[in-house]
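Trainee: Position chain B relative to chain A; hints supplied.
Okay, here's what each chain looks like letter by letter:
There are 2 protein chains.
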Amino acid sequence: MSHPGNLIFAQSGGPTAVINSSAAGVFTEALAHPETFGKVYGAHHGIVGILEEDFFDIGQEDPAELVLLKQTPSSILGSCRYKLANIEEDDTDYHKVLEVFKKYDIHTFLYNGGNDSMDTCNKISKFLKSQNFECRVIGVPKTIDNDLAITDHCPGYGSAARYIATTVMEIYKDATVYNIPQITIIEIMGRNAGWLTAASSLAAVMGYGPDLLYLPEHVFDLDEFIDDVKRVYEKKKQVVVCVSEGVRTSDGKLIPEMRGAVRTDAFGHKQLGGTAEVLGSIVGDHISTKIRNIELSLMQRCAAHLASERDVEESFAAGKTAVKTAMNGESDVMIGFARPQSDPYQCEMVKIPLCEVANTEKKVPEAWISHDGNNMEQDYFDYAMPLIQGSPKLILENSLPRFAQLKFVQAGRA
Amino acid sequence: MSHPGNLIFAQSGGPTAVINSSAAGVFTEALAHPETFGKVYGAHHGIVGILEEDFFDIGQEDPAELVLLKQTPSSILGSCRYKLANIEEDDTDYHKVLEVFKKYDIHTFLYNGGNDSMDTCNKISKFLKSQNFECRVIGVPKTIDNDLAITDHCPGYGSAARYIATTVMEIYKDATVYNIPQITIIEIMGRNAGWLTAASSLAAVMGYGPDLLYLPEHVFDLDEFIDDVKRVYEKKKQVVVCVSEGVRTSDGKLIPEMRGAVRTDAFGHKQLGGTAEVLGSIVGDHISTKIRNIELSLMQRCAAHLASERDVEESFAAGKTAVKTAMNGESDVMIGFARPQSDPYQCEMVKIPLCEVANTEKKVPEAWISHDGNNMEQDYFDYAMPLIQGSPKLILENSLPRFAQLKFVQAGRA
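Chains A and B supply the protein sequences, listed in that same order. Numbering-wise (my numbering), the first sequence opens with residue 1 and increments by one. Numbering-wise (my numbering), the second sequence opens with residue 1 and increments by one.
Rather than coming from a laboratory, the hints here were simulated on the basis of the structure.
Note that identical chains are pooled: a pair holds if it fits in a single copy or bridges any two copies.
Taking lysine-lysine and the BS3-like style, the derived pairs with C-alpha atoms no more than 30 Å apart in a straight line are:
| id | residue 1 | residue 2 |
| --- | --- | --- |
| 1 | 235 | 290 |
| 2 | 237 | 83 |
| 3 | 83 | 235 |
| 4 | 362 | 126 |
| 5 | 230 | 83 |
| 6 | 290 | 253 |
| 7 | 407 | 230 |
| 8 | 83 | 407 |
| 9 | 407 | 237 |
| 10 | 407 | 290 |
| 11 | 362 | 129 |
| 12 | 290 | 123 |
| 13 | 129 | 103 |
| 14 | 236 | 83 |
| 15 | 407 | 235 |
| 16 | 126 | 103 |
| 17 | 83 | 290 |
| 18 | 290 | 96 |
| 19 | 126 | 363 |
Quantities reported herein were computed from a predicted structural model and do not represent experimental measurements.
Just chain A, same shape as in the assembly (with noise of 0.2 Å):
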């Protein structure tokens, strides 16, 4: 393959606990081949940082700090929410970015992020094939909410998923403690897909898992909740239950929204919260007793002190695949994982185009689901076990983690 010229790597969307060790990944593999990659760059907070020529010259950082992306949480470039705007409305942004890339001869782009963020990657990829400019485009999944398409799970998933799971075991040993009843509701991330709040079935294999469990997938009934706490107060008199912040009733409301306003984002998605402590004022005027809810908030997504081996592995892999798939001169696609056998474990690297991913989520299947819709089935721990396991080697300092720090000398902006 022809000199491809310089390669760009953005991190998009919401923070998770591996978002860096992709970034590591692409930026170990891509400064390994100078012979290909002139010039690697990051760019600060995602597209935007292209669009405003905002980037840094990762050549410039110490390989060592590089190594420590691996166990440094949120995204080292930053992130943003920025959403481009529909081509045929507004086509600024589009030109900009043809324009940054000629302008500092970027020929590869390597995009991090959710389905939003595929999206982005798609329609920037079409619109620089229309203006015949040649440039390799690849997704490099993340999402702590595991909904991409096709893709058997996504990086960011399992070491979230070891969070809810080992914090769920804590927080039920605490929450029981007492000679006193008690109403315990986590709240756990998850706007349609149910996959993190199912997670803390995980915590149920080592006998400390939730009583209850309600996911989006299934519509919340208010009066089945109840009863369901009801039940499990009556006869346990210490109940846990893990509740999605996604959870609608019937009629398509959000728990907050039964009780006031809910905000939106920069892409339309309502701000959740507050859905433990809605749904604990609820069962405070049916069930009188001591209630406690929590939101495991951003400490689920950011927690680089229990993440996945395997899943700071695999996110590390899917960045250096993501630049030999660009070297290999393929694009228009995210790498993706398929799981060829699940007993032992097996994953492999996949590519899968990108219009297949874009704006689509996937939810956990309803198979996965006991009947009642409180509880999971053995399927979703068949297909959950495996990416959680391991614990990561972390290099500590003052037994705190020692994150990257990156000397982010400019490149842009020339």
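Mentor: Chain B in isolation, oriented as in the chain A frame:
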């Protein structure tokens, strides 16, 4: 010393990550001396288990499971919030304790808890003496709050501090990732003492500490707080605030009291929580930006997966020392820690009269808090950093923690 009869151990108060490490120390040491202790009992739900003759024969447990207590959070025997009556008003419970101790030939009573529990210990000890019943009563300290008098620090604090510092680092990375301004308010436990909130500042040593922190030791001035947040916001656009649930305004009000009622527990302590939420709402009235409120909730006191190894081992040693102290015929003391030197760190077990720790509270020294009340001084780092050191080598199954599984062979209610 003559045969001291049987030993009973009970756990009280709020859970910690290492309270069971002290239990492991007590059980291991007591069971190693069958010539001294006839039976080793564990009371179910603290003092309530004694009153209700509900306790377990620990000698029948698998020793390997007792070792696993060192990585099992919360209180394996269960806890209670039961408050003994004032003996002048009602001595029923005290006579019941005496009756049970006589019935089961119990002459050694070890109680694991915070200052309320040391008060309970002290009252029972005095009563038993007044009845000429020989019993060695030893307190084993435990509290994430670190507020027990005289002892240099408390078992449970180091682990909670390590969890808080690590988690604040991770949240900091997540909360500052976007090119969008954001104010993140993290609420940390601590009714009257700010030790736990102070621990968030340890994250700053690694470069990811809160911009501002507020302890209950300092009067909380709402105007100053808003000014502080505004100042940092104008400079950085992203602000991370850590605030103790126990901060009070100059008229003695807790933050949640500014917007509604606050419940009280069996000890008459106000049930806190909601501080970050109320402060977030107030900040939102002054600064129009994205605001996120996070409660570290129960996770900060039960995160055994992120325990400080030093805390685990010191807690274990405190349990062993309590047994040895009873074997020496001593009584009416709590095992405490002294620090002969800080660098390198040394810790010695000491015995502190129960009456000196009962119902007292040790606060963060004013000199360790910065003059403007929103940061910590070097003295605090020098004090706290040694306490969070070391990662316990956890035994995992399925990459999830393996908690101790006891048989709980009932030995009371005969």
